[in-house]
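Engineer: Between the sequences and the hints, there should be enough to build the whole structure, so can you do that?
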Amino acid sequence: MAEAGTGDKVRQQDECLRIHKWRILHPTLSRNGKISLYLGRRDFVDHVETVDVIDGVLKVDPSELDGRKVWVQLACAFRYGREDLDVIGLSFRKDIWVQQMQIYPPVGNKGTNTPMQESLLKKAGEQGHAFAFTGYIANEADNPDEKVEKKDTCRLIIRKIQYAPDKTGPGPKADICRQFMMSDKPVHLEAALDKEIYYHGDPIVVKVKINNETNKVVKKIKITIDQTTDVVLYSADKYTKAVLNEEFGDSVNGNSTFEKEYQVTPLLANNKEKRGLALDGRLKDEDTNLASTTVILGDLTARTDVKLD
Numbered sequence: 001m002a003e004a005g006t007g008d009k010v011r012q013q014d015e016c017l018r019i020h021k022w023r024i025l026h027p028t029l030s031r032n033g034k035i036s037l038y039l040g041r042r043d044f045v046d047h048v049e050t051v052d053v054i055d056g057v058l059k060v061d062p063s064e065l066d067g068r069k070v071w072v073q074l075a076c077a078f079r080y081g082r083e084d085l086d087v088i089g090l091s092f093r094k095d096i097w098v099q100q101m102q103i104y105p106p107v108g109n110k111g112t113n114t115p116m117q118e119s120l121l122k123k124a125g126e127q128g129h130a131f132a133f134t135g136y137i138a139n140e141a142d143n144p145d146e147k148v149e150k151k152d153t154c155r156l157i158i159r160k161i162q163y164a165p166d167k168t169g170p171g172p173k174a175d176i177c178r179q180f181m182m183s184d185k186p187v188h189l190e191a192a193l194d195k196e197i198y199y200h201g202d203p204i205v206v207k208v209k210i211n212n213e214t215n216k217v218v219k220k221i222k223i224t225i226d227q228t229t230d231v232v233l234y235s236a237d238k239y240t241k242a243v244l245n246e247e248f249g250d251s252v253n254g255n256s257t258f259e260k261e262y263q264v265t266p267l268l269a270n271n272k273e274k275r276g277l278a279l280d281g282r283l284k285d286e287d288t289n290l291a292s293t294t295v296i297l298g299d300l301t302a303r304t305d306v307k308l309d
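Under full-length UniProt numbering, the first residue of the sequence shown carries the number 1, and numbering increases by one thereafter.
Since the hints were derived computationally from the structure, they do not count as laboratory data.
Keep in mind the model is a prediction, meaning the values are calculated, not measured.
Any given hint could turn out to be false.
[Claimed, not checked] Cross-link-like lysine to aspartate or glutamate pairs, in silico, EDC-like; alpha carbons within 16 Å at most: (1) Lys195 x Asp166; (2) Lys207 x Asp194; (3) Lys173 x Glu190; (4) Lys260 x Glu247; (5) Lys209 x Glu261; (6) Lys207 x Asp280; (7) Lys220 x Asp250; (8) Lys260 x Asp166; (9) Lys222 x Asp175; (10) Lys272 x Asp287; (11) Lys185 x Asp166.
Structural biologist: Written out as structure tokens, the structure reads:
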């Protein structure tokens with residue numbers, strides 16, 4: 001989320017794409033019409049080791065500032081649930097980090113402008129001021145309790161996204177050996193995926209191998225896909241929700257082997273009524289998906305669990 005505004009700490013945001021080669025999209029103004037903030041895009045890529053620079057231009061009309069400063073603020077906030085669920089002053093939102101810079105009056109050297117910024121500055125004229133956020137490093141606000149008049153602010157949601165790695169390893173696999181009561185021999189179960197990474201809507205191919213050395217019959221096979229979410233709100237918690245649970249009527253007789261591939265596809269459309277699921281970020285009313293796996297530097301791992309009941 002990016003904001004800018006007036007006051008001793010004020011915020012606002014607006015968006016723009018390209019002029020000439022860029023065209024403006026979704027401009028947003030403060031209520032008093034004195035501030036306009038333009039961004040070239042709303043999706044910014046997290047490359048794990050680096051993050052795309054958020055570059056934009058702020059247009060400020062200083063006629064009614066009365067000596068106040070203008071700031072641009074970039075904030076990453078975690079929200080659990082909808083805003084209308086906030087009760088008795090308890091907000092289910094937490095700012096993960098906040099970064100801000102003073103835009104007006106200008107301070108310091110702003111560095112080299114990007115081509116998009118140069119085009120926007122020509123449109124904004126002398127009232128335009130370029131800015132850029134790099135690294136998205138957390139910083140404490142100078143005065144986090146300061147109240148800002150809404151008429152002096154405007155806001156636009158942006159999104160940080162990750163692309164799947166180009167190079168991937170083999171699909172994960174796992175196995176288990178289970179001994180049952182009244183049987184001196186076990187059942188061996190192995191499950192493997194055909195690849196490491198799947199995209200939204202791709203069927204997940206699960207290869208199942210069973211070696212039933214007992215005299216019992218395996219009556220059914222069940223495949224479950226869980227979503228595990230690390231939630232940092234008032235404490236660090238981990239939640240696991242099943243997003244797919246399918247049973248198959250295949251049986252495995254005693255003293256026999258079995259091998260088969262199953263295709264399953266976890267979809268948000270099949271989990272609309274479930275609460276507590278993590279979803280990908282979305283802009284306005286566009287469609288979204290079950291949350292993609294977050295890639296952390298040095299920790300791209302896939303896990304397949306198998307279970308015998």
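Engineer: Under the constraints set out in the numbered hints, which ones does this structure not fulfil?
Structural biologist: 6, 8 and 11
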